[in-house]
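Enquirer: Sequence:
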Amino acid sequence: MRQVAAVSFFLVFTAVFSAYSQDLTQAKRTPAASGSTQPNVFLTPKQYPAGPSGVTSIAKGDFNNDSYMDVAVTNVSGTITVLLGKGDGTFQAPVSYPALSSPVSIAAADLNGDGKLDLAVANSGSGSISVFLGNGDGTFQSHTDVAVGTSVQMLTVADFNGDGKPDLAVLVDGMVSVLIGKGDATFNAIGEYAKPCATYLATGDFNGDGKTDIVAGRQCVLLGNGDGTFQPPVGSQKIGNTVSTAVGDINGDGKLDLIEGGIGDSDGTPRALVVVLLGNGDGTFQPPQGFFGYGSGVQGLLLADVNGDSHPDIVLSSSENVEVVNGKGDGTFEPGVLYPVGNRPVAGGLVLSDFTGSGRLDLAVLTSCANPSICGDGAVTLLRGKGDGTYVAPASYYIFEGDERFDAVGGWVAVGDFDGDGKLDVLEVFDTRAFISLGNGDGTVQTGQRYYQVAYQSDGAVVGDFNGDGKLDAAILHSCDVFYSDPGPGNPPPYCVSAGSVGVLLGNGNGTWQRWPESLYFGVGDTPTSIATGDFNQDGKLDLVVSDGANAYILLGNGDGTFPVHQAYPTGAAADYLNPFLPNAQSVVVGDFNGDGAPDVAVSNSDGGIAVLLGNGDGTLRAPQLFPAIKSSQSLAIGDLNRDGKLDIVASDGSGSISIFLGNGDGTFQTSKVYAAVGSQSVTVGDFNGDGILDVASGTGHTVSLLLGNGDGSLQPPVNYIVGLSATGLAAGDFNGDGALDLVTEDFSILLNRQGTQLNVQSSRNPSNVGQPVTFTVTSAASLPETGLPSGTITLRDGSTVLGESGVSGVFDVKVSGLTAGTHQITATYSGDNNFQPHTTAILTEHVGAPATMISPALGSILTSTTVTFAWKAAAGASQYSLYLGTKPGRDDLGYVNAHSSTSATVKNLPSTGSSLYVTLFSLVGGVYYSNSYTYILPGTPAKAKMTSPLPGTMLVGKDATFTWSHGTGVTYYSLYVGTKGYGTHDLDFINATTTSASVSNLPADGSTIYVQVNSYIDGAWTSQSYTYISGSGTPAPATMISPTPGSSISGNSATFTWTSGVGVSEFSLYVGTGGVGSHNIAFIETGTTSATVTGLPATGATIYVRLNSFVNGAWQWVDYSYRNP
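In mature numbering (1 follows the signal peptide of the UniProt record, and there is no 0), the protein residues as written are -21 to -1, 1 to 1105.
These are computed hints drawn from the structure, not numbers from a lab.
The model shown is predicted, which means the values in this text are computed figures rather than measured ones.
The beta carbon of each residue, even a glycine, is placed where N, CA and C say it ideally should be.
Watch out, some of these pointers could steer you wrong.
[What the hints assert, rightly or not] Across the chosen pairs, the derived CB separations fall in these ranges: (1) 964 / 421: 21 to 27 Å; (2) 778 / 596: 35 to 41 Å; (3) 871 / 1035: 22 to 28 Å; (4) 764 / 259: 42 to 48 Å; (5) 289 / 539: 57 to 63 Å.
Construct the complete structure from the given sequences, taking the supplied hints into account.
Expert: Set out below in C-alpha cells:
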C-alpha cells in the first residue's frame, strides 16, 4: 500500500466538488459514451507487440520500399517478427516468420544485390546463421542456413574485403568468425579470430588506413588487412562485464573512439557502467574512463547526435529505462536524463531512426512488455524524438543523497507549493529520508533536491499548514519512535524506542524545512500504515488521523505544529498486526460522508472491506460501520463519481482490481462494484480528461492504469501508461500550469497530460485610466508541441461580460476603451476540442482609475525657469500624489516628489538643456497608483530639433512611416525633407509642421537608402539635421533574445543580454527582476542598441524574469523570458 497525502481536509473537500463549482458559462468537453474510444490522456511511450515469445534483438530498415522505417525482431521461441512502419510513429500488425532455434541477433542489409533489404539472423540454439531474402514488399522468403559452430552470440554486417558486397562477422563462443559475401546471399568462411577474448562485436577504421577493422572486446581489436583477413588481436585492460558497445568520434579529433556498456561494481552493488576509451588512431586506445548510469547494468548502447549540436551523445538502456547522456564534444558527457520504457530492455535492443516523418531521431527500444495481456512477452517501445535530444515520455528524475544516486521504490509522494512561487513541488519520503524537488512550472523540476534526515522507517506523509503561518508543513509517519537532540551531520543514526510515531517538519515557505526537534515528534499506534489530515474538532487548526492494525488515532493539533495527545478508535480490524494473513488497517482517508459538515474517517482493511467512522465535530469519532467488499482494500481515495453530491470511496486491492463504494450521503455505502486494472497498489481520483467527471488512476510496478468515469459511478476499461521504475504511489496535480491534471509517481516520474493548453492573457497597460484604450493579448498553444494544434474558440471576459471571441490562432488581441473606474476581473477561456481540454486562465485584475490632471504649466509649453510649480486637479478618492521628472517617459532621473495630499509641488534646479522634460503625475487611489503623463521643454540656449523615431539607421518597414523629433529650443516651426538622391533632397515628400511629428506615405520598399532632413526655424533662420534609413518590406516585429539562451542557467552575478534588432523597432528597454513576469527590481535599462549588461543578479537559485521591450510603430511590445541562477 502506498498512501498519497492530501494537503488538508478543506483542500480535499474543495477538490472533490470542484467539477460542480465551476462557472457554468465555461465549456466542458462532452463525456464520451461508455466503451467509446478516448484520446490518450498522458504522454508516455507506446508499446507494440513484437512476437509470440520473449524478444532478443532488433534491426531497422525500409523493408517494403515505402520510405517509412520498419523494424524486425527476433523471438526466443524461434521466429522473427516484422513490424512495418506507417510513417507516423505507429506500426502495422506484426507478421512472424519461422526461424531456427533461439535466434539472438539480427541485421538488415541487401545481401544479394537486388536492391531489396534482407535479414541475417544468428541462431544460438542451432549454431547457425539464417538468411531471409526480402521480397521488397515487406515480406520475406523462407530462410536458408549456414552452420558456424556452437553458442552463436552475435553478428554484424560490413564490407571487410572492399568488394562492395556485404560480409558477416559472427561471435561464436568467444571467437570471431568472418564470412565473406559472394553478393548472392551466400558466404565463404575464411577465418576465425580472437578466441577466447571476444565478448561483443563492432566495426570501424580504428587505425586510419581505410580498411574495416573489428573490435570484439578491449583485449580483442582485430585490424583488417583489407582482403577479409585480420591481424592478431591487440587490446587493453578490461573493466566490468561488457554487454554492449558503440563506436564514434566523441572528442572530435578525427579518430574513432569506443564506448562500452555493462555491469560494474559500486560499493558491492551491481550498477550500469559506461566506459569511454578514446582512440589513438593506430588501433589502440587510451586508458579507460568510466561513469555509472542508472540501474543494475547496461543492456543496449548507441552513439548518435540526438540533440543537433554536432557532438555524439550516448543512448543506453538499463533496468526499466532509457538514459540519454549528451556529449560535450571533448570526450566527456553531461548528466543523463531518464525515460521509462517498461520492463527489462533487451541487450542490444536499441535503434535510432525517423519513425514519424518529422526529420527527428526517434528511439525504438526492444523490451519485455509492461502489460503482458496487451503485448505478450515482448514489445517494441517507441519514444518520439523532439529534435533537441529529449523524447516524448514521462520525465524521470534521479534522487540524490550527496553524490549517491538511488531510487525511491517503496516510498510515498505528496505535492504542494512548498516555496510559495505558485508552482507545484514534490515531496518524496522513503526509509529515513525526505526529499523536496521544486517545480519549474513547466512539468519539470529543479536539479539538486533538498535532502532531510527523518526517522527510522517512513510509512506515509501528509502536507498541510500545521502551525498556521501560511506555509506548508509535512507530517511524516514512522513505524518506530526515534528521539535525538540534534539530527545534524555526524550524529549517531536514529534508533527505535517504541512502535509508531509522527514527526512534523515545519516549512520555511521557501522550499526548505526547519530542523527536526524532539518536541515535534509524537508517538502513536503499534504498526502505523497510513496518515491523513482534517479539522476534526472544527477549531480552525489542522489535526491528524493515523491508522494501524486495529485502530484509527486522532491527534488534535494545537495550531503550532504540535499534536501532544492522541485518542484511539477501533476500526474493526484484527488486532494481531504481527500476523500478515489477518486483516488489518491499510489506508485512511478523510471526507464528509454524511453531509453534516464534520470530517469523517474511512479506513481500508486487507480482508476486503472498509470501515467508516463518522466524526462528531468535536474531535471524537463514532463506532465503525463495516462495509464488505469482494476484493481486498489496500489504498483509498474519495470523490463524487456519480455526481449526486455525495462522496464515494474508491479502493484498490494491490493485485489488479478497483472497487467503487457509492455513498448514500448518510455515512453508509452501497455494495462495491469491481473493475479490473493492471496496476492497483495505489489509487487517486481526478478529472483527467476534462469532461467534468471524476476518473480513477491506479498504479503498480511500471504501469499506471487510467479508468475514465462515466458520470454514473461506473468506470470505462483501463488505458495503461508506461512509467519509470515504480508507480506504487501516485499523486495528481497540474505540474505545467496548462489546466490539465498530471500525475507523479513515488519513484519520481512525472506523467504530463497531453490534453493541456498554455493560455495566457496580458494587458497593454495596468493600471489604466478611464477612457484610455487597453489592449488585452491572449496567447495560446498546446502545452506539449508533440500533441498537435488545438482548435475551438477562445473567449475573453470581464467577469461575466464577453469582451471578444476568436478561433485558436496563437495570438488574439482585444482593444477596449470603455472600462469603468474600479477593478475588472479579466479571464480567457478556451472551449476545448476532441483532443484538448477546456482551460481558463487565472484572473488578471485590471485596475482602472480617474487620476489627477495637470493644470499648470500649460501642457507642452516651454519652461522659462529652472524652478517650476506644478499644479493639478484633485482625483476622487486619492490619498497621495507624487511626481516623476525625467529625460525619458516614465523616468525619474531629474527628480521625484512626494506631494502627499497636496495638489501642487514646486521643483527646483531643473537643467537648462532645452530638451524635453517628461513629467508623470501619480495618484494613489484605493492602494493602486494611477498616472497621467505630460511633456514640457526645459529652458536653455537655442537648439535644433533631433530625430527620435524611427531610430536613425534602421529599416523602414512598409511604405508608410511616422517621423518624430525633439522640440529643440527656441524653435518656431519645423519642416521635413524626405528623398532618395542625397541629403537635402525631397523627391519623396516635403512637409511643413508646427508639431514634432509627421507621417510620410509611398516610401520605396526595395532596400534603397532614404535621406531624411529635419529643419528647425530658430531666430529667423533655418538649421537642419540629416539622417539616413533603409527602405524595406515585412511586418513590424519586436526584438527577440539571442543570448543567454532563453530558459538556460546564468552563472555569476552579472550577464550581458543580446537581442535581435526586430523589424521597425526604434527603441529598446529591458526589465530584469525576481518578482515574477514583468518585474524589474534588479534592473530597468533603456537603450537604442541591441545589448545590455546587468549586474546584481542573485546567486540563490531563484528564477530570473527578463522582459525585452521594443518600441514599434509608436507602441511598446514585449517578449518575456526566464532564466535560472544555479
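Enquirer: Decide, hint by hint, whether the structure agrees.
Expert: To see whether the hints hold, each was checked on the structure:
Checked against the hint of 21 to 27 Å, the pair residue 964 and residue 421 fails, with Cβ atoms roughly 54 Å apart. Taking the beta carbon of each, residue 778 and residue 596 are about 36 Å apart, inside 35 to 41 Å as hinted. The hinted window of 22 to 28 Å between residue 871 and residue 1035 holds, with their beta carbons roughly 26 Å apart. The beta-carbon spacing between residue 764 and residue 259, approximately 43 Å, falls within the hinted interval of 42 to 48 Å.
At roughly 59 Å, the beta-carbon separation of residue 289 and residue 539 lies within the given 57 to 63 Å, and the hint holds.
The structure shown violates just one earlier hint, number 1.
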